[in-house]
Amino acid sequence: MELTKVEKNKALVLKAFETLFNRRDYAAAERYWSPNYIQHSAHIPTGRDGLFNLVKSAPATMKYEHGAIVADGDFVIVHGRFSGHGLGPANWIAADICRIKDGVLVEHWDVLQDEVTKQESKSGLPMFGTSFPESDPAGAPLSITTARAIVSPLYEALNQPAKKDVAALLAQACNSDYRSFHTNEESVSRDELTEIFKMIGASVPDLRWTIEDIQTHGNQILVRGKATGIPTGEFWGAKPTGKSFNTMAIDIFTVKKGKLSTCYHVENWVGALQQIGK
Amino acid sequence: MKKDQIRKVINVIYDQVFNQGQADLYPDLVSGPYIQHNPLVPDGVAGVMGFLKQVGRLHCEVKRIAIDGDLAFVHVRYLNLFGKETAGVDIFRFDDAGKIVEHWDGLQPVPAESNNSNTMF
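For the record, the sequence lines run as chains A and B. For what it's worth, my numbering labels the leading residue of the first sequence as 1, then goes sequentially. For what it's worth, my numbering labels the leading residue of the second sequence as 1, then goes sequentially.
If you are wondering where the hints come from, they were derived from the structure by calculation, not from laboratory data. Keep in mind that the hints are not guaranteed to be accurate.
[Claimed, not checked] In silico DSS-like pairs for lysine-lysine, Cα to Cα no more than 27 Å straight-line:
1. A:K257 with B:K84
2. A:K15 with A:K56
3. A:K101 with B:K3
4. A:K259 with B:K84
5. A:K243 with A:K164
6. A:K163 with A:K198
7. A:K243 with A:K226
8. A:K8 with B:K63
9. A:K101 with B:K63
10. B:K3 with A:K5
11. A:K10 with B:K63
12. B:K2 with A:K8
13. B:K53 with A:K122
14. A:K56 with A:K257
15. A:K15 with A:K5
16. A:K256 with A:K122
17. A:K10 with B:K8
18. A:K10 with B:K2
19. A:K5 with A:K101
20. B:K84 with A:K118
21. A:K256 with B:K84
22. A:K10 with B:K3
23. A:K118 with B:K53
24. B:K99 with A:K10
25. A:K56 with A:K10
26. A:K5 with B:K8
27. B:K99 with A:K122
28. A:K122 with B:K84
29. A:K101 with A:K8
30. B:K2 with A:K5
31. A:K8 with B:K3
32. A:K259 with A:K163
33. A:K5 with B:K63
34. A:K63 with A:K118
35. A:K15 with B:K63
36. B:K53 with B:K8
[Unchecked claim] Stretch-level coverage of chain A by chain B, calculated; a stretch enters the list once three of its residues show a Cβ under 8 Å from a Cβ in chain B:
37. 40–54
38. 70–84
39. 92–106
40. 112–122
Glycine included, each C-beta is placed from N, C-alpha and C at the ideal position.
Bound conformation, chain A alone:
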């Protein structure tokens, strides 16, 4: 009889995970989760609704694969991989521990760890399954929400820069070896960019820089921005006239390890200078 119970419990957990994480059939998934579900995973809000709402907010690219699975008494533990979750570049390797009662999941604990690449592994063997993930997993594109969270400190630093800690905001958004390209070949470092932001902030104290459109493509983030302000000091060689400008900027970023790695950018400063009537 014990054998029947553990086999049933394993099948239940696999069916439940497939229904919720891969098929996203929330109505069907309600059959497998107790309404009084007790959650111990630190990143999941409490209860069945907490879990379901988190899955609803995950990008469509999220996929779950299971590996080894065991059942013992009321417990089922399963080794798995979440890819395309949009919360960073690495897949998550999970050990999910479920307690089963009366044919439904009633309690859950987990351990989540970023999956390493072959270059990062001392053992030389994959953490999960039979193969390593690609170095830059194309299967895990950035979600718009994640992209916005990554770039927002950089744009924050471009809104009234004199009132902001520009260095700290850029350190939050960009890797230490960040390169910002103003031509196809020429670039500046994060520290040099900090000084440029401060310089613009000194010339245009009321500078406002908004994200008008944001898109992602693999590990790239594309932003169409709007920059407005009234120069009070010399601005790209022009004396202030008291007039404001309103111009467009295009930024193409790449992301590594959850932070910005490079940016190719253009701003229509010629148009801005025409508007202020140099």
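Here the structure of chain A is known, so what remains is to put chain B in place on it, guided by the hints.
Okay, now just chain B, sitting in the frame of chain A:
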């Protein structure tokens, strides 16, 4: 019968090898080549022994054990692993003689903040 044998091996690992730092008991519990999937530890028996000797005593509490066929999953709370309270799950595969032949694990430092009030354990 076999389940009891596996449970005994697990008790030795967490009580004696980890909590008491008796790394020398470990080679008797395993059988080569010992396939290692933990990315922080080199493959093989020598790899795991080097790791155990380097970390010394590891204070931990076993929270849950599930044994099924030749696999055992162990849910563990490490009080201070690399400077942090850490949640772990070890997965061991045993051969017919009750020796460990393969190991996977997952480790996650317990975050300062949680989205629920139930603790990770």
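Please verify whether K53 of chain B and K8 of chain B have alpha carbons no more than 27 Å apart.
Roughly 22 Å between the alpha carbons, so the hint for K53 of chain B and K8 of chain B holds.
Can you confirm whether the C-alpha distance between K56 of chain A and K10 of chain A stays at or below 27 Å?
24 Å, holds
Does K8 of chain B sit within 27 Å of K10 of chain A, going by the straight-line distance between their CA atoms?
24 Å, holds
K3 of chain B and K5 of chain A: Cα distance at most 27 Å?
17 Å, holds
Compare the distance between the alpha carbons of K56 of chain A and K257 of chain A with 27 Å, and conclude whether the hinted pair is satisfied.
25 Å, holds
Straight-line Cα separation of K15 of chain A and K5 of chain A no greater than 27 Å?
15 Å, holds
Given the hint that K5 of chain A pairs with K8 of chain B, does the C-alpha gap stay at or below 27 Å?
24 Å, holds
Does K3 of chain B sit within 27 Å of K101 of chain A, going by the straight-line distance between their CA atoms?
23 Å, holds
27 Å limit on alpha-carbon distance, applied to hinted pair K99 of chain B and K10 of chain A
25 Å, holds
K63 of chain A and K118 of chain A were given as a pair; does the straight-line alpha-carbon distance stay at or below 27 Å?
21 Å, holds
Under the criterion that the straight-line Cα-Cα distance not exceed 27 Å, is the pair K118 of chain A, K53 of chain B satisfied?
Holds, at roughly 25 Å.
Please work out if K8 of chain A and K63 of chain B have their alpha carbons no farther apart than 27 Å.
23 Å, holds
Checked against the numbered hints above, the structure breaks none of them.
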